[in-house]
Amino acid sequence: MGNPHVLVIPYPAQGHVIPLMELSQCLVQHGLKITFVNTEYIHEQVRDALAMMGGEKNQVSILLISDGLSLDDRKKPGKFSEAILRAMPGKVEELIEQINGSEGDEIACVLADQSIGWALEIAERKGIRRAAFCPAAAALLVQGFNIPKLIDEGIIDNDGNLMKKETIKLSSDMPAMNTANFVWTCLGNMALQKNIFGLMVRNNRTIKLADWLLCNSTYDLEPETFKMAPQILPIGPLLASNRLGDLAGNLRPEDSACLKWLDQQPPQSVIYIAFGSSTIFDPTQFQELAMGLELSNRPFLWVVRCNVTDEVNDAYPKGFLDRVATRGLVVSWAPQQKVLCHPSIACFLSHCGWNSTVEGVSNGVPFLCWPYFADQFLNESYICNFWRIGLGFDRNDKGIITQDEVRTKVEQLLGDEKIKARALAFQETAATNIREGGSSNKNFMNFVEWVFLAFGNKNLRFLRASNLSETFEQVGSTPLLKLLRALQARERGLLSGLVFDVPLVLFTVLFELAGVELIA
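Residue 499 in our numbering sits at position 374 of the sequence shown; the count goes up by one each step and never skips.
Rather than coming from a laboratory, the hints here were simulated on the basis of the structure. Since the structure is predicted, the reported quantities are computational estimates derived from the model, not experimental observations. The beta carbon of each residue, even a glycine, is placed where N, CA and C say it ideally should be. Check each hint, because a few of them may be wrong.
Computed list of lysine-lysine pairs in DSBU-like fashion (alpha-carbon distance at most 35 angstroms, straight line) [stated by the list, open to error]: (1) Lys290 - Lys443; (2) Lys319 - Lys216; (3) Lys385 - Lys251; (4) Lys463 - Lys545; (5) Lys294 - Lys274; (6) Lys294 - Lys158; (7) Lys251 - Lys290; (8) Lys523 - Lys545; (9) Lys543 - Lys523; (10) Lys523 - Lys289; (11) Lys290 - Lys523; (12) Lys216 - Lys294; (13) Lys545 - Lys352; (14) Lys274 - Lys158; (15) Lys319 - Lys352; (16) Lys523 - Lys319; (17) Lys289 - Lys385; (18) Lys158 - Lys543; (19) Lys251 - Lys158; (20) Lys274 - Lys319; (21) Lys352 - Lys543; (22) Lys274 - Lys352; (23) Lys463 - Lys290; (24) Lys463 - Lys443; (25) Lys352 - Lys333; (26) Lys289 - Lys251; (27) Lys443 - Lys319.
Simulated restraints, written as ranges between beta carbons of each label pair [unchecked claim]: (28) Gly562 - Gly156: 48 to 58 angstroms; (29) Asn128 - Gly562: 52 to 62 angstroms; (30) Glu222 - Gly581: 21 to 31 angstroms; (31) Glu561 - Arg448: 31 to 41 angstroms.
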């Protein structure tokens with residue numbers, strides 16, 4: 126019968142592709158057959174990046190579809206999100222029909238980025254098991270789940286437009302967030318805001334179709350969030366280093382020569398600066414950052430994309446590159462996970478994208494936070510206010526982070542031993558979660574076992590943890606209640622594999638996999 130076949134569908138953007146490809150690599154190592162659906166445009170970038178880096182053996186099968194976009198439309202965020210919804214669903218449905226038409230190769234499960242809920246709808250219509258994956262913080266999902274409450278309280282209107290600018294908490298123990306920085310309100314583009322808000326509202330409905338809702342996070346990073354939404358199961362941090370491999374799914378060629386440069390620097394001396402794949406700088410702000418790095422008088426490794434600002438070659442202050450040549454290195458892209466685990470790194474000046482946040486936390490590196498848009502402000506709040514492993518920057522009355530502010534915050538961060546100690550403590554908890562027996566590891570292994578069970582017993586019905594109380598009412602005082610209570614006493618990660626209304630022999634198989642002792 127072969128191994129279970131999982132069709133993995135990411136949202137076609139770097140921050141979404143990388144963690145889902147990493148998860149795919151992990152699933153392959155545990156005996157699942159993985160087909161990764163990539164758009165032609167994204168795949169060309171991955172292929173070109175791998176070719177320039179010497180290639181990488183990939184056990185994941187990749188199938189290509191068109192995103193239906195022109196090159197110009199890809200540069201327009203509003204157009205991009207519209208086209209994804211317009212063009213991709215039909216092509217994915219055709220792909221599923223084609224695969225399922227092959228003898229002995231039917232898809233056992235569709236694993237889709239939670240932001241493309243239409244993939245879950247297609248899977249449901251085809252009678253295929255479904256799992257959703259969130260590449261961002263679980264708090265971002267909870268923010269979306271609370272949209273009806275935000276509307277009822279008059280904070281936003283029915284279209285997501287901001288009605289009240291204030292700082293709120295969705296729970297007393299969750300990070301505070303400025304309503305102006307909701308993921309859909311801080312995009313600087315009304316068309317994009319409308320599209321993203323509509324997408325989140327729709328995904329609140331479609332995500333209920335998922336048998337599993339996985340997240341690249343840990344219970345330790347977001348404890349209150351997971352209490353509010355126990356159906357979200359963390360399996361992070363998802364890092365290539367966890368499987369002793371290279372980063373999968375990167376869209377840009379990495380300059381690995383910077384690692385040799387880092388080898389020549391003193392321990393914990395280098396400021397690493399990287400702003401992800403989307404941040405754009407005003408030329409004045411770019412120059413202030415450059416001058417701030419120069420004023421810090423510390424070694425630095427700065428990732429400067431070709432499109433980070435207008436006319437990058439002329440964007441630096443006059444003579445800057447010559448003056449810092451002995452202690453600064455500028456590259457177009459870096460192998461970030463390898464950089465962050467290098468002993469010479471002192472801190473990470475970051476845009477606070479979730480992938481970067483998880484990578485920094487996993488390596489015990491303190492942060493200087495410079496969020497740009499979307500969920501990055503929420504992540505900054507986690508870093509600075511909740512975990513307290515970093516500092517943010519203050520802007521002047523013109524909205525600029527000045528060179529003096531950069532220098533001051535670098536000195537303040539690197540002189541704060543408590544921040545450094547907390548960063549190292551979070552590094553250890555991150556490592557504990559993915560070790561055998563750790564919470565994330567258990568959730569991941571339970572998911573793998575569930576896929577195998579679903580593959581072998583296609584009529585099984587699987588419940589989420591959120592449905593547990595309802596299930597108790599349904600089964601009443603039958604013997605099944607005792608069996609369910611046996612699982613209830615276990616870690617909540619196991620609750621996502623609960624089964625009922627099937628023959629008792631199948632319960633026995635599931636409980637043996639979960640390591641739960643049966644009771645009379």
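>> Name the hints, by number, that the structure is in violation of.
In response: Structure breaks hints 1, 3, 6, 7, 12, 14, 17, 18, 23, 26, 27, 28, 29, 31.
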